[in-house]
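Student: Starting from the structure of chain V, add chain Y where the hints point.
Chain by chain, the residues run as shown.
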Amino acid sequence: MAENIEHLEMCGITKRFPGVLSNNNVNLQIKTGEVLAILGENGAGKTTLMNILYGLYQPDAGKILINGKPVNINSPREAIALGIGMVHQHFMLVPTLTVCENVILGLSKSFLVDLKTATQRIKEITATYGLAINPDAYVWQLSVGEQQRVEIIKALYRGANLLILDEPTAVLTPQESNELIELLRNMSAQGNSIILISHKLHEVMALSDRVTVLRDGEVCADVLTRETSQEALAQLMVGREMAACQRGGTFSPGKTVLEFQDVYAQGDKETEALAGVSLTIREGEILGIAGVSGNGQKELAEVIAGLRKVTEGKLYLNGKESTKMSPAWIIQQGLGYIPEDRLHVGTIPSFSIWENLILKDHHLAPYAKHLLLQNQVIMSHSSSLVEKYGVKTPNLETPTGKLSGGNIQRVILAREITRSPVALVAAYPTRGLDIGATEYLHSKLLEARSQGIGVLLISEDLEELLSICDNIAVLYEGRVMQVMPVEEANERILGLLMAGIAEEAS
Amino acid sequence: MEGVVNSDIIIIILATGIRLATPYLLAALGEMFVQRSGVYNLGVEGIMMMGAFAGFYATLQLGSPLLGIVISLVIGALMGLLMALVSVTFKAEQGISGIGLYMFGWGLSGLLFRLYVGGITSVEGLKAIKIPFLSNIPFFGPVLFDHNGLVYTAFLLVPLTGFILFKTSWGLNVRAVGNKPEAADTLGVSVVRIRYQCLIVGGMLAALAGAFLTIGQANMYADNITAGRGFIAIALVYFGRWSPWGILLGSLLFSLADSFQSMVQVLGINFPYELAVILPYMVTIIALAISYGRVWAPAALGKPFQRGTRG
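Quick note, the sequences are listed as chains V and Y, same order. Per this note's numbering, the very first residue in the first sequence carries number 46; after that it's consecutive. Per this note's numbering, the very first residue in the second sequence carries number 193; after that it's consecutive.
Treat the hints as calculated values from the structure; they're not laboratory data. Just so it is clear, CB atoms sit at the ideal spot from N, CA and C, and this is done for glycine as well. Incorrect hints may appear among the rest.
[Claimed, not checked] Partner residues are not named here, just some residues of chain Y that face chain V (Cβ under 10 Å, in silico):
1. Gly363
2. Ala375
3. Met412
This is chain V alone, in the form it adopts within the complex (with noise of 0.2 Å):
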């Protein structure tokens, strides 16, 4: 094994992608015991930078020190060899693999596979931070907290005592990620380095030592946790003044324009996904969908969209039922649906902005007149749609698929929104998306509320749900556990709601 890392130094890196300059003279440093966070919006090179360090990409100039000595790590072998772990924020798991066949795999040098030793040292390695795992457990029976786990252990267990750890929360629920805090506190107590990329900024402040900003590819700060604040940060991570965005006026719901009596469905896996849930949404309401996800929120936004058959109860749109109609009927009758998956249901990748845009609305007057489509309408509409939600483009012919997430999302909402819906189902809408652009979002659907328009948020950031929700409803196994004012709820009875615990919360 290789000497600790005692200090480690990356000293004026700088990465180029075609036509983005990615990481432009980035230094960081981290000593050992240390958890350092890189804290930066989307696309400000937070990964590129660690996928540098971790030997996935080259720098095209700068070096790394260890212990000032410089290194060259050329791919994640000689990183793994250095002591250096890394936590992507895809797992690198083999989900038909077990945890001790994806903790070894690659390690193993003898002609046949030593299950029995390894097996071994995890359960030292899980029973020395307190970890809880079962070794001969397949990876596709894990939950996602429990595959994170896999991922930390994968790391010690190549004797890693500099970890990466890429976005790690932002799967897990506020338990789970408790947990990790706790865990991660744990191992830099007892010597590891840390280095926690995110753009989440309470944990930031909850778990590092010393905080680097990035903002387009440079560092813009480098600061001792305990001598900043959330504010600050924010602010250095923007580059501008934030304004959180907060539900105003009065809550003066309307008419009913969603409704859900009792409603079953299957998951993709032939198992109840939705076991009789009622909800009623109205004008001008905003109704927070809090869970863990996998406890039928797809389903929810599914079935209404009419992608999902129901397999019991009945779903009223508008007043007429819904239930067995097809998603184009429903699409007329005025629902709006930001699907989960933006790209690929959201739309169609390859197909240009302004196809996008028209997607729902092709076939019907001013877009279309007996069989054509009237280009003229269709790029004026178009480029005043860019315009106005300020979707960053080179021009209107760009493949939608090229555009960054936050930039889709606005295509997206640009269409369904000038749909003037009833109802609007918004999946996970923010998901991934740095502060501007969720800032953006949550604005927008405020906006739509005021219009009264009824809003259905699918959502598993508790902080997002009760700043703009007027009610929250937790999901948990396809039921919903309750229904609550937003003023009455909080982070923790939510959690434990989402964990399926209801009389304390109550």
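Tutor: Just chain Y now, kept in the frame of chain V:
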């Protein structure tokens, strides 16, 4: 039926079925490694044709079927290498490059045959090896223990490949690369190297399957002697859910149906000839339809691997 169906006929049907299963087993076990590593080689049929010709021609020239086998293995490895170059290194669409490999193998083997052999020529192929003692057991002896070496090899490969796939480090790498190449890559397992190795092994086994047809069964070469067996082998990999035991089951099912239909023809049993001929294919299609489900397919099957260009 007047007592035509007696135990001798059953023995012949079973023994023939075992023998006919050999090329399917060999080719499908090879393709299993290829697909487990995430590549989809539709060119099995073409490699089989090249293997069939190479084995035949080497035996004809050198007088030794063993050397024929060696040469066909070399040719198979080269064909696998070619597929790897096109589909792994150059990342060509795998379905298309596989069909290309098939046509290439077909054309080249036919051309070589016309250039260097010409007409129907027979060779002295592999001889049956009776296993001492075991072959004397009534019924089971003639069914199981009176075949040539390639038949035994094919059946022994079933547990052997299972062992390699599930118990060895290399097998673990193969399974990882076919399911989540990004993960394997970040852990220092070379996706490219594993896929090359699997395609070469797959090519060797496909060529061996071809050589079996010319020097282990027909003892001659004819154009298109493989008659679609390479494609059936690919179907059997799906049927067998990428596991050696499943492939064994599929191969036996198909070859027994095949052996039964040929017996029907030979003995003139009162059964429509056309139906008999399509029986094995019907069985395969029905079995595939019933067992179909993509649940166990290697997740990265058919997707060329490329490291991310942007983070």
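Student: Next step is simple, just say for each hint if it's right about the structure.
Tutor: Hint-by-hint comparison with the structure:
no.: 1; hint: Gly363; in the structure: 8 Å, holds
no.: 2; hint: Ala375; in the structure: 4 Å, holds
no.: 3; hint: Met412; in the structure: 41 Å, violated
Hint check: a violation occurs at hint 3 only; the rest are consistent with the structure.
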